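A.B. asks: Residue numbers (the working numbering), protein chains in the order written: chain A, 1 to 206; chain B, 1 to 206; chain C, 1 to 206; chain D, 1 to 206; chain E, 1 to 206; chain F, 1 to 206; chain G, 1 to 206; chain H, 1 to 206.
Any given hint could turn out to be false.
Reference excerpt, derived from the structure (chain H facing chain E, CB under 7 Å, subset only) [as the list claims (entries may be wrong)]:
1) V69
2) E85
3) I86
4) A126
5) K143
6) A151
7) Q155
8) V197
Hints were generated in silico from the structure; no laboratory data involved. Just so we're clear, the structure is a prediction, and the values are computed from it rather than from any experiment. Ideal placement from N, C-alpha and C gives every residue a C-beta, glycine not left out.
Protein chains: 8
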Amino acid sequence: MSYDRLTPDNAAVLFVDHQTGLSNGIQDQSLPEYINSVTALAKLTKTFKLPAVITTSAADGPNGPILPVITNLLPDAQIVHRPGEINAWHNEAFVAAVAKTGRKKLIVAGVSTEVCVAFVALSAAAAGYDVYAVIDASGTWNKLVQEVAVARMAQAGVKPITWVAVGAELLGDWRTPYAQEHGQLMADHLPFYGNLVGSFLAAKQG
Amino acid sequence: MSYDRLTPDNAAVLFVDHQTGLSNGIQDQSLPEYINSVTALAKLTKTFKLPAVITTSAADGPNGPILPVITNLLPDAQIVHRPGEINAWHNEAFVAAVAKTGRKKLIVAGVSTEVCVAFVALSAAAAGYDVYAVIDASGTWNKLVQEVAVARMAQAGVKPITWVAVGAELLGDWRTPYAQEHGQLMADHLPFYGNLVGSFLAAKQG
Amino acid sequence: MSYDRLTPDNAAVLFVDHQTGLSNGIQDQSLPEYINSVTALAKLTKTFKLPAVITTSAADGPNGPILPVITNLLPDAQIVHRPGEINAWHNEAFVAAVAKTGRKKLIVAGVSTEVCVAFVALSAAAAGYDVYAVIDASGTWNKLVQEVAVARMAQAGVKPITWVAVGAELLGDWRTPYAQEHGQLMADHLPFYGNLVGSFLAAKQG
Amino acid sequence: MSYDRLTPDNAAVLFVDHQTGLSNGIQDQSLPEYINSVTALAKLTKTFKLPAVITTSAADGPNGPILPVITNLLPDAQIVHRPGEINAWHNEAFVAAVAKTGRKKLIVAGVSTEVCVAFVALSAAAAGYDVYAVIDASGTWNKLVQEVAVARMAQAGVKPITWVAVGAELLGDWRTPYAQEHGQLMADHLPFYGNLVGSFLAAKQG
Amino acid sequence: MSYDRLTPDNAAVLFVDHQTGLSNGIQDQSLPEYINSVTALAKLTKTFKLPAVITTSAADGPNGPILPVITNLLPDAQIVHRPGEINAWHNEAFVAAVAKTGRKKLIVAGVSTEVCVAFVALSAAAAGYDVYAVIDASGTWNKLVQEVAVARMAQAGVKPITWVAVGAELLGDWRTPYAQEHGQLMADHLPFYGNLVGSFLAAKQG
Amino acid sequence: MSYDRLTPDNAAVLFVDHQTGLSNGIQDQSLPEYINSVTALAKLTKTFKLPAVITTSAADGPNGPILPVITNLLPDAQIVHRPGEINAWHNEAFVAAVAKTGRKKLIVAGVSTEVCVAFVALSAAAAGYDVYAVIDASGTWNKLVQEVAVARMAQAGVKPITWVAVGAELLGDWRTPYAQEHGQLMADHLPFYGNLVGSFLAAKQG
Amino acid sequence: MSYDRLTPDNAAVLFVDHQTGLSNGIQDQSLPEYINSVTALAKLTKTFKLPAVITTSAADGPNGPILPVITNLLPDAQIVHRPGEINAWHNEAFVAAVAKTGRKKLIVAGVSTEVCVAFVALSAAAAGYDVYAVIDASGTWNKLVQEVAVARMAQAGVKPITWVAVGAELLGDWRTPYAQEHGQLMADHLPFYGNLVGSFLAAKQG
Amino acid sequence: MSYDRLTPDNAAVLFVDHQTGLSNGIQDQSLPEYINSVTALAKLTKTFKLPAVITTSAADGPNGPILPVITNLLPDAQIVHRPGEINAWHNEAFVAAVAKTGRKKLIVAGVSTEVCVAFVALSAAAAGYDVYAVIDASGTWNKLVQEVAVARMAQAGVKPITWVAVGAELLGDWRTPYAQEHGQLMADHLPFYGNLVGSFLAAKQG
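Work out the full structure, taking the sequences as your base and the hints as a guide.
C.D. replies: Here is the structure:
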């Protein structure tokens, strides 16, 4: 029952199969919301300098290449192209890449939630990691599949979470050096917050 | 598996970041429903003379001041303005204020559900408190975030609840002195109940 | 195709069967939202000093008395208790009361949308009035009934509207004397707007 | 733009293909709601002694027999078993049966809304009848089909309506002899109203 | 992890505050669906001769009398009118009535789900009973409250269930003497099943 | 207000941009439902030997090739590959192909509803055709876009419809030679109907 | 019944009260979707060099400044700050600015749909303009208000539309010089389309 | 907390009461989606040569015969016609058939989710099997029943899952001999994936 937060020092991020083709099968949320959340998670990874591992499934086939927003934001992240394993945890290079991060808390997102995310999450939890599944930076075929995937992962001890909470845990305190960059990220991707800031500054200056 | 109810003697209420700006980001319920539930929770706190701790995050910035309905109803509640900590439990003054209530059961509500509520709830539970998260007197960015937040808190042993149930546990029995004030509260904030009373009195007098 | 707005001088408001019992049958919106909208419409009536006619159906029976919020806000409105007519337009006193207002634009709300509102609206339109049906200050048994009622009224030339639009047409310009009272009304019943004002004033004063 | 209500003297009811098999394809509302609405419409027909025509499509095949609740309530209604025509208006016996009612207002319900109801409604309107399509006493395969069917019929001048409004137009006034039977019908099929009556009588007697 | 089914010999049914007034506050399902499910549960109780305890909260006030369908179907059930206790388990007569049934499995339904049902369910579970909460034969103010109530009860080991599953566990086998009466119950309250039977018999006889 | 049905002799079908890429942007219905409806419409075209015109937009680019199910079922349909025109009606070959069908009733479906379908529908209606837009054999980016597209087309006199109604108008009577093939089509694509048939035959043979 | 499309030469765009404060009241769609659509409409305006008029309501008060994305994209658009008129059409400078565009087709979007958009749309239509209301680049307080606003505008001849359709009408043909910039816009704001392009290019190059 | 995947060697599939009549009562998803998922699960069973047990409840009565798609795809599966037991686990032949498969992981689907699936799942879990309940290849009367059934099964350790995840666990790696057949299955039943493949191949060949 202990609660220790995600920090820039204890967490790594796993981007699993956020590919252009697979992303077009998502119907558990709107595509603009999905892209917005994925972008926000990638920016959080960059802002907090978290080690990241990106993996793909048959990226030279119909599943398509990685969403460019991820690779553009995280040019140095290790990418593991899996030749066939559906569960990235079955790929030794991926497991090694995760291990090399030295982190024990894993933030996992991907497409689809019930396959690419759930399999990695369940495997990593079984391997002793503390796993967080970012449901809104992931996507799947319909709302029912999402609900079932969350229930299955929660049952196994994987923590369901969403990107704003990930960011809030990582930042921890608005007096840290990360705050300014994080604030901009929030304003850009949680639009009501950007609106708040705009209104506030105008009122101050008005 | 024991069940012991919330009482006026064993519970305190924590209002976490119910600020005007943050409240305008809520989309997991309608704003009239949210304001109605927050007001009801504040009135419950007043009716049952529960110790309350109010906390804010950057209240002099875009997040905005506390909803006036809370401070108007609870003028004597301790307010902890956090200079930067996102998780109120990381603020020593807040933890001390909670401890000073002497209560072991904590009723937590706030904005947003998955950050301000969940972090406090998870931390307080880890610290040994019995924590109730009031989901309808809280709010967040969309229904998915709410669902994920409830799942995460429930997984950790935090009890999800709604304001009517909080009030019913606190009252316990309609023969106590609190009943009249509580009845009025119910009539005002659970509108069907107010309608019932209006119809009943008219029928009796008709 | 001409468009001339509702004004304090050309419109009257008809409250049709907003009774405590009938209101408890509403499921096309939440009760807190319904009560909030009805209250707002009554306040608009008061603010803009619109002539109002209130009517009831069997108010001394199960349908129950008028919602007190209406009669409290509009103590001088004429009330026509119908002895049996379902369509208020079939009641001579009601039609006379409407005629006595001298207004050609009628703002109609009530319970239920497809009966009490639609029948009056269709009859009044047939009688030459320009009729506005306020859908969110009305209510009915489920969303399907609401949709069908709106389609039927729109088909017959009745204008579907909601309370914020009614208020905005009536005010017309924020430089009129009504503006201050109207602003408070908006802040109280469109909660996000109240939050905006609270944040703005705090930022100005901060 | 004239508005003249449905009355016991000017309206007939057409039940189109409310068959046991076809009814099991309905997904635009729940089955308990559908059966409840169909039963209420049949009782309205009986209460107000409206002429009724029942028709079926291949009732000795998979479409199944007429819902027994309809034939039980309306044992004297003429039944036209269509040997093949999908649009009942293409069946001479049906058109003749409708004509024989001598009524110019037709209340139409059936399964499915966009076929059996819409075809009859559009044909009858083209033939000069004033047609009301009872959407909640009808049913179809999903919500989209329902919405499209309502839009198509409304576009052609067919009036979309629901059963409670049909009953309210027919009754017209609670002081007519029909009132008692109609009140019981309402209490039985609009459950909140039955609850209102139960509460009212108890309060009166209490 | 053992699974032993509800049987006519090991289960009792608790009807908690299914009162006419309270029932009119339900918005987590339609009223026709709610009444249908409550009626079905009462019929199951009668069919399987289960001991039943009915309890009310302030039945001579606005909450109103028990739904007549329950008392009509179960005229011999013990009724405990609570003078003030919100949690029926705090009423000694109620607890004694439950104990007197001699059953260790309790099937609980009522209004509202998160108060009247949840409090009894949590208390009874704490007292060692095996508790089933029948969510569709219960009701509450909106879908969110329902979801939170289910989550809270499930967290505490109460089994969430719906009336068809209760009936199926009780019957166990279609070759028992209960089958005929149960089949009629299913046909009447799960309308698609009644339609299936009607179609089947017609096909057989056709 | 005349109503004359679609027949095998008076109607043609236009398939507008049902391409593999575009189809993956659909979120106003599930993809299995969309594919099912498109397939059914293509089969209807084949069954009733309707002239069909298929058109594509940049089929050798990201929009992708025509859904194979369409071309497989309708190998002889004329295909007009548009080099750039978004509105197919701006393409002379397309308009000529439509004219060559000699039909005055046009059944239009495509992706997306508000662009490819609506533009053709509005243009064809302006050119004097009687246009039917098949909403469930079309698709678009979200439910709001669908609703707005239907409203716009209905406003302009285009008839909104769904595939089952198209088929029912075309068949007209179950005693025509088309009936057997049409019945199989219905059983395959309106699954509840296939189930009905399966149950019926079993009961007959049982 | 004529249909003539929006073109770069016949249309102007009106941005009505897209202010930071007002935008935070939107609940008829998610904020990421709203911002995405508004941005897309502003980019369309820029791409097709459409004359634009931006107007605000009390922009130095709680309503807040214009969304920066609009003014950044359209630095040369005329801005009319209204001192008090709710309906921008009541402001002479605004009407003059619209007239000065010389365009007879007006594309209107704003916050809120039923006030700021509908009033301008109805007034402009009454003044003889051909008006298109862009529902997804507008926003309002809840889905019901949106539906009612669309019904009211459609009833008055205003054409409901969404941003992708606006863009498609403006582009007209992918062989025009606008195509490249428009394609990028589509890829950026209709994310599935961006994914299509990404997959296509990868497949081509792979 | 270990995670070991479903494999062709450790799993069996149980099809419980997927009968034509029962399937027509499903309202927790659309029928096209349900049939699509059931078909996919049957094809997965065939592709991976999993032992399967099919069982029916009163298949010669109104419940109807097994969906032909299942028996057509799995002609060699053992079928246990239960003479009366509702819970298939109470039928010795069924339990024996399951035992004879020699598998310890059971994939269960059926109609209805909360009865036929849940009872078998709970019983099998109690008997020591590792049970997966395939929610989208199952169906029930409404969404609430589905949610409650998932909650009850998850509480008891049954793993909720959907058919795509089942297939992905079984395949494990796209380099196995099963891949080609599995890919075709995915393309046929997860339509966006079929579209992806179609677009990809066209781009490659284009």
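A.B. asks: Where does the structure disagree with the numbered hints, that is, which hint numbers, in rising order?
C.D. replies: 1, 5, 8
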